[in-house]
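Undergrad: Line by line, the protein sequences are chains U and S.
Each number in this note's numbering corresponds to the 1-based position in the first sequence with 9 added.
Each number in this note's numbering corresponds to the 1-based position in the second sequence with 147 added.
Watch out, some of these pointers could steer you wrong.
With a straight-line Cα cutoff of 25 Å, these simulated SDA-like cross-link-like pairs (lysine to any residue) come out [to be verified]: (1) U:135 to S:515; (2) S:498 to S:482; (3) S:424 to S:410; (4) U:135 to S:553; (5) U:123 to S:533.
Keep in mind that the hints were calculated from the coordinates and are not lab data.
Computed from a prediction, not measured in an experiment: that's the story for all the values here.
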Amino acid sequence: MHTVGIDIGSLATKIVLMKDGKIKALLQNRSLHNFTAIGTQLFNQILKDNNLTSDDIGNIYSTGYGRHSISKLTSNIITEISAHARGAQYFYPKVQGIIDIGGQDSKVIKLNPKSFMVIDFQMNDKCAAGTGRFLEVMADALDIPIENLGNLALQSKSPIQISSTCTVFAESEVIGHFAQGTVKQDIAAGIHNSIAKRVASMVKRIQIVEPIVFCGGVALNPAVKIALENELKLKLLVPKYPQYIGAIGAALIAKERLKNGRV
Amino acid sequence: MKMNSTTSSKLSTRKLVKTLKSSQKISELIKWYMLKAKINEYLPWKKSAWITSSLPVELLWGLNIFPLHPENNACISGARKVSLDLIEHAESLGYSRDVCSYMKTNVGAYDKKISIRIGGIAKPDFVVTAGSICDTHVKWFQIQARRMDVPIFVFDVPHIVSGTSKSTKIRYKEYLIEQIYDFFDFVEATTGKKLNEKYVLKIWENSARLSDLWQQIYEHRKNIPSPVGYADTLGDIFPLVLLPGLKKSIKYFEDLLKEVEEYVALGKGALLKEEEKFRLMFEGIPMWYRIKFFHQLMNYGAIVTYEPYTFSFGASRPHVDNLEDGVNAMAESMLQQPYFYNLSDRIAYFKDVIKKYHIDGVLLHENMSCRPSCTGMYDLKQKIQQDLGIPVLLFTCDMTDPRAYGKEQMQTRIESFMEILEQSKSKRLDY
Numbered sequence: 010m011h012t013v014g015i016d017i018g019s020l021a022t023k024i025v026l027m028k029d030g031k032i033k034a035l036l037q038n039r040s041l042h043n044f045t046a047i048g049t050q051l052f053n054q055i056l057k058d059n060n061l062t063s064d065d066i067g068n069i070y071s072t073g074y075g076r077h078s079i080s081k082l083t084s085n086i087i088t089e090i091s092a093h094a095r096g097a098q099y100f101y102p103k104v105q106g107i108i109d110i111g112g113q114d115s116k117v118i119k120l121n122p123k124s125f126m127v128i129d130f131q132m133n134d135k136c137a138a139g140t141g142r143f144l145e146v147m148a149d150a151l152d153i154p155i156e157n158l159g160n161l162a163l164q165s166k167s168p169i170q171i172s173s174t175c176t177v178f179a180e181s182e183v184i185g186h187f188a189q190g191t192v193k194q195d196i197a198a199g200i201h202n203s204i205a206k207r208v209a210s211m212v213k214r215i216q217i218v219e220p221i222v223f224c225g226g227v228a229l230n231p232a233v234k235i236a237l238e239n240e241l242k243l244k245l246l247v248p249k250y251p252q253y254i255g256a257i258g259a260a261l262i263a264k265e266r267l268k269n270g271r272v
Numbered sequence: 148m149k150m151n152s153t154t155s156s157k158l159s160t161r162k163l164v165k166t167l168k169s170s171q172k173i174s175e176l177i178k179w180y181m182l183k184a185k186i187n188e189y190l191p192w193k194k195s196a197w198i199t200s201s202l203p204v205e206l207l208w209g210l211n212i213f214p215l216h217p218e219n220n221a222c223i224s225g226a227r228k229v230s231l232d233l234i235e236h237a238e239s240l241g242y243s244r245d246v247c248s249y250m251k252t253n254v255g256a257y258d259k260k261i262s263i264r265i266g267g268i269a270k271p272d273f274v275v276t277a278g279s280i281c282d283t284h285v286k287w288f289q290i291q292a293r294r295m296d297v298p299i300f301v302f303d304v305p306h307i308v309s310g311t312s313k314s315t316k317i318r319y320k321e322y323l324i325e326q327i328y329d330f331f332d333f334v335e336a337t338t339g340k341k342l343n344e345k346y347v348l349k350i351w352e353n354s355a356r357l358s359d360l361w362q363q364i365y366e367h368r369k370n371i372p373s374p375v376g377y378a379d380t381l382g383d384i385f386p387l388v389l390l391p392g393l394k395k396s397i398k399y400f401e402d403l404l405k406e407v408e409e410y411v412a413l414g415k416g417a418l419l420k421e422e423e424k425f426r427l428m429f430e431g432i433p434m435w436y437r438i439k440f441f442h443q444l445m446n447y448g449a450i451v452t453y454e455p456y457t458f459s460f461g462a463s464r465p466h467v468d469n470l471e472d473g474v475n476a477m478a479e480s481m482l483q484q485p486y487f488y489n490l491s492d493r494i495a496y497f498k499d500v501i502k503k504y505h506i507d508g509v510l511l512h513e514n515m516s517c518r519p520s521c522t523g524m525y526d527l528k529q530k531i532q533q534d535l536g537i538p539v540l541l542f543t544c545d546m547t548d549p550r551a552y553g554k555e556q557m558q559t560r561i562e563s564f565m566e567i568l569e570q571s572k573s574k575r576l577d578y
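If we strip away everything but chain S, and leave its shape as in the complex, we get (with noise of 0.2 Å):
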């Protein structure tokens, strides 16, 4: 008797194909932003600085200043399997194993001069930074700055929690607005860029139509079959990360609906229909050096509709028409974070999506070098499968530290999952 040709560890066979034709267009926008990156890099009167994620990269190009991003370059790094090399060269400067993974890889693509197009990283006018998401950004950050002698701008945003009262909260934006006007000024001390009014509402006019488009793709991953996983949307991030004010951006996010739209018309989707046997969310960052296991995993027909970190990139913004509605949105912006929400409120977001993405499972990652997306995992995973008994699979690895992936690990936990989603369709589990 022999095995069924489908049962066979199917974790390591699939063609790593983007669903999408326009998201293959990806590479263009990248390719754009890299060439950009390098004249900059050349040119002594152009500026530029490094930001992290949870900042409104607008008011850099609103400042005519070039974004650099070390958490999108290690992404690169990652996903271009040079990563675990760059991490290693921190640890021998003395950085810790437990220490954040970007920032080690940041680490070692500064130091070692790697090529843009593997991840490296050019020495920035200045860099800016904020604790809102991450302790690790200010820390980092702060050693980069001294580490390359350049001027460095916090941001210090307050966390808004369950019970943080309204007045507070106006009282939190205000600060942050004030914080806002004190960048424009450190900007103009430190490279003699000013603010650019009318480019900037330009900037934020893009960015607010960015934000609709992908809104937009994200309604349309709720049709079963779901016609965009996590294997296209962890690529299709980059426009909002980088470039969410440019007209390329919007471009290839229309690009991109329209083909969703067909492809939902049609009743077509990343699977078959007949095919998608479960639908997922999955929280936490990629594994970036096997993004190839978000593909693997069509092949026991489960595909992942829906991913807090990928959606957090395209919160609403609103549209404005004058620069002190603009800096208002953006110190909304900068409050509004997911990873701000305490347990009670992410459990109350995880519950809304399982209901309108249809989910059959969620699939959480405890990302070792995060630890905002990490805490409270398991008081997630609890709620989740009691009050709504659907199964949970929590798993420990890292978003570029490619040792903390055991690969035969991981099969089990995922066959092992796949075969408690396959009984739970029939019947809610009740735990």
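Only chain U is shown next, with the shape it has when bound in the complex (with noise of 0.2 Å):
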């Protein structure tokens, strides 16, 4: 039985399609401005890639910030929270701590140690500290691709302060370090040791323990991983696909859902 997972982020979407709980295709692209579209057109990508009809999908769940806008397409919506539980499990069946850092928004789940159940979260607040896109702002301030920012950063030997956790408040405070003659190296690494900071605050405030996975786009980025290990003082799991874990999890829960008949 197929099921499929589309998380619609605030920067990408994301299409996973399984076959009896196994991953058989993963497909992503940029969200742009039109949720229905994007969703509708990677659902139909992932299909004909896979020669397969709509009528072969026995379920099919949305999650993420457009969760609500392909209910034409979808059988249900999952929350975020639930999804990203879930697509954890998968890859790491006894977390506990889910880190998940996304375009636009970060979050952190607390899991039951006996039930595996979700019972707690925190998510940012209206603000792009701690999140993807506070990282991007400041790659462009640094006139270097995003994804050699994580590099750049792990070849710091003295990595800078940033004192602002306003994103438009750093990235003048990146430009002023930039004018002074700072590398661009310990400005990365200064970088990315405030995303941990914000990050670690909410971790703390719901105390999570390990096992703890981190996913979402950021997750890819090596250099976040080891701040966020120095700031909690342990030890993160990053799966193997850690922008897709919201996805898988919404194809999985979707795929529970059918089997005790529910769509």
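Got two chains here, separate frames each, mind docking them using the hints?
TA: Right, dumping it as structure tokens:
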């Protein structure tokens, strides 16, 4: 039986096709301005790539910021919190905490150590600090591709300290350091420490414990993982497809609910 | 496969209707009050004063001083969706983004001379305030008294905390009683108005009756399904805030209670019995610009059936038959404010409510404008979760500043919270 999970994030839309609970195909694209169009386009493409029709799909669940925008396509919705929890369990069944840093939000999820159900969560509030967007703005200020930011930071010997938690003010600070001749590596490391501090405060508020999965598009950046581990003094597990965890979780929940007779 | 309509964006689909027919009559009381306020403004021999929450408004009625309430008017501005404009006006004068939004709404409402229908407020003959539940109350009224050039009286209310001895509490009360008599002298010197002893006794009697009725209504909120939610009670507190000694307030509450009793007798609720899935407690002032939030919660089968905020306005009052006992009761009421509670008392209070009202989950409004209500909220959240195994959602917003409300973010939080509540119904959560 096939199920599909679509995670429509503010920056990227991810889609996962699963067969009997195993990943069969993954696709992603920028969300741009039309969630409905991108969700539908990716769905049609993943069917075509795998020689399937919509009749072959048992259940389709959407999640993410734009989860309500493709109601004509999906059977049901699930929040990012539940989807990420289930997706992380696919790779690490005994996970007790999840840190997800996406394009415009970051969240921390706490699971019960016995039932492995979600019992608490924390999300960033109306502020881009501690999100992927923060890193994008900073990479832009340093005039380097976002993909290179993490590796640049790892070369630093003396990271600068960024005192502002506001993305706009932090950008001014970065430009100021740049103007004073600070090397890009040290600025990049300071940027990663700043995001780590912001996310760590959310982690501490709900007190998650290991094993902790780190996912979301930002988990692809090795410097954020290291900065977070240093800040929290614990180890983080990054799954194989960190940016697809929400979509994988949605597809798994779609399968489980179908099995239980629910759409 | 089509999406089930019940799972669509529930925070944006529900008719905004009051549960109880009698609640709808609140608009008549509010209109009556506004008309009186307007008449008062134009008759030079009538006197008025600005007063804050936590102070007994009965004293003003007893002194024949018409009460004007900047916080109440700020709520109206919020609900009428004009508060942002007023807040921005105050910010243009130099008040920071971090200053209380009630204060900034009041500054804007007064300066811009907006209609009372949307929260406007007239210049009073004096202002009276206290720092008991809110430190901003004092500075706010000092500033506005200076800007309007009117006299100010500040009650100095000591805080009872854990470990405050019995003898200290007695001294505190005596200290407040002295201040109440000083206040009578202040009002007489400022306006020429004297306390009408016979009238104030009547006001106190009515006020005690009104609080009794409020507590009876609250008793019925323990029922499953709950007969009345926050969408109603946030308006129902108006007579407790401003008109506690008046017969028309009693009539309003009597009608409300009668209807609630009928609901309970028939097993009716704000939601149908089979619809009521989650019973919630809401801590904090509501987001006045987003009252529909409380209606829309019902789309998830969730009903807010206890709010410390609305309960606190109708705290028990003794029935008194002489001035001395009445002043004594006023002093006591000023000393007993839930916002004084230290964390352990607050936790005990919450636990008691959760048990008695069969609460499934707690919403904590971390109100950016209100330090006294927010400090300690994380401890409160952890303690409730760990000791009682029920989920608590803490969210950051503001009472009258709509810039602090992120619609999409709130929707994700609420939907996720409902998913946790769903699983906690079948099993106590182990935190």
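Undergrad: Within 25 Å, alpha carbon to alpha carbon, are residue 123 (chain U) and residue 533 (chain S)?
TA: holds, 15 Å
Undergrad: For residue 135 (chain U) and residue 515 (chain S), compute the direct alpha-carbon distance and say whether it is at most 25 Å.
TA: Holds, at about 13 Å.
Undergrad: Hinted pair, alpha-carbon criterion (25 Å max): residue 135 (chain U), residue 553 (chain S). Please report holds or violated.
TA: holds, 6 Å
Undergrad: Below or equal to 25 Å on CA atoms is what counts here, so check residue 498 (chain S) against residue 482 (chain S).
TA: holds, 22 Å
Undergrad: Between residue 424 (chain S) and residue 410 (chain S), is the straight-line Cα distance small enough, at 25 Å or below?
TA: holds, 18 Å
Every hint, counting from the list given before, is met by this structure.
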